[in-house]
Amino acid sequence: MATDTTARRSLRAALTLLAVAIVAFGVVALVHERTREDIAAAARARQQEQFAAVLAGRPFDNDPLQDVVELRDAELLGTASPVPVHRARLQGRPVAVIMAAVAPDGYSGPIELLVGIAPDGRLLGVRVTRHKETPGLGDFIELRKSDWIHQFAGRSLQSPALERWQVRRDGGDFDQFTGATVTPRAVVTAVARTLQAFERHREALLAPAGTIPP
Amino acid sequence: MTPAAVLRAGLRDQNPGLVQLLGLCPLLAVSTSLGSGLGLGLATLAVLTASNGIVAIAGRALPAEIRIAVYVLLIAALVTSVELLLAARLPGLHATLGIFLPLIVTNCLVLARAEAFASRQPVGLALLDGLAMGMGFLLVLVTLGSVRELLGRGSLGADLHLLLGTLPGTAGWQVFGEQHGFLLAILPPGAFMLLGLWLAARQALRNHAARQAAAPAQQATAADAAGRA
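Residue numbers (our numbering), protein chains in the order written: chain A, 8 to 221; chain B, 14 to 242.
Keep in mind the hints are simulated off the structure, nothing from the lab.
Predicted model, so just to flag it, every value in this text is computed and none were measured.
We put the beta carbon where it would ideally sit given N, CA and C, even for glycine.
For each label pair, taking beta carbons as the anchor points, the in silico distance ranges come out as:
hint, chain 1, residue 1, chain 2, residue 2, range
1, A, E77, B, A108, 20 to 28 Å
2, A, G186, B, Q225, 43 to 51 Å
3, B, L197, A, D154, 23 to 31 Å
4, A, R79, B, W186, 42 to 50 Å
5, B, A223, A, R151, 46 to 54 Å
6, B, L197, A, R53, 27 to 35 Å
7, A, R15, B, A89, 27 to 35 Å
8, A, D112, B, P135, 56 to 64 Å
9, A, E119, B, A184, 23 to 31 Å
10, A, D112, B, P76, 52 to 60 Å
11, B, R21, A, R176, 55 to 63 Å
12, A, R15, B, M206, 53 to 61 Å
13, A, R151, B, V85, 37 to 45 Å
Computed list of lysine to any residue pairs in SDA-like fashion (alpha-carbon distance at most 20 Å, straight line):
hint, chain 1, residue 1, chain 2, residue 2
14, A, K152, B, L169
15, A, K152, B, A184
16, A, K139, A, K152
17, A, K139, A, P117
18, A, K139, A, E119
19, A, K139, B, L41
20, A, K152, B, S168
21, A, K152, A, T141
22, A, K139, B, P202
23, A, K152, A, A63
24, A, K139, A, E149
25, A, K152, B, L197
26, A, K152, B, Q192
27, A, K152, B, L163
28, A, K152, A, V189
29, A, K139, A, D154
30, A, K152, A, E56
31, A, K152, A, P117
32, A, K152, B, H174
33, A, K152, B, A171
34, A, K139, B, T109
35, A, K139, A, P111
Work the whole structure out from these sequences, hints included.
Following this line, the structure appears as structure tokens:
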């Protein structure tokens, strides 16, 4: 009968599709399981590399990846969600904090930064970790394109004073590039705000390992 | 179809990048350098060959109603596996290729070859077709990537190390200073223009060759006519 064969045909098609879905799922699950540790290790290695870069050779003997507090400051950090702050220590004493910062006002989207700060509020190093700025125009903020990002090392909120934390065109102390002012302006502002956040929460950020700040 | 014809079709006559114009989105977006072009080319080649092989084995037994759905499932599983393997083994390249790696799933080239060729040919030919089409796509990606990197950045192979690690000879060459680079070449409009110029040059060469082939025949006819008169 026609209806019977149609029903059987549909059932067969559905079961075939189900079988293929199960096989495909199994393959992906297997590969995921086999690569999970390597992927996590690669991500850890990448973060440690970035941490080492913004710590600029400061010696430390802990694993900053494990020593982390979460900071919430919508006004200065530009996001309402908690931002992880990692601490580098030498024999238990803090030698630096590493803060992730976002410059929301880049030329083509947010610019993600990593900022290393010494306990006295001096910048150790800044690196751009992710951005979508125009290649050849705005990407000089990357270290492999130019050493522009190096000018932050050694600066603090006292040097220069906060009102001079701007690009030269706006009357500040930081170089800009011809044809690209928006990008450095965003980065300089974000670094200054990160330093202010550090000053405001210094006690909590430098607390001994294990204590959870309020 | 003979194996030689399959190879010729993939590499030249039906080249996915130059003739079928399939998968243009990743082709234009990722061909910013020799290294990333080669990386995406190899990933696409691997997925295409594997999917062609699997479809040739399983395709015939499939009811027509679910054929395309099964292909999409298989291709998605393959691409996800390739992506996970790349993230584990070559994290630098994985970061460079970014979203265009998972997007191989939507590369119509893969689905087109599965449906139009692999599902109705023997396994061996289907595998060869995947290799040939993948190589054709890879060659266009690498050529366009090299030209764009050279024009835009003045370098060649500067990010090959993402693919090959620190093997000797993978540092690339800086042919001229990056500040003299032609920025447009590495931006998306430059990709369209360069591919357009390439297609135009290819067509001009073909037209020229066709005229050359036609011309002696005409002369012969003219001489023949003169002789008779």
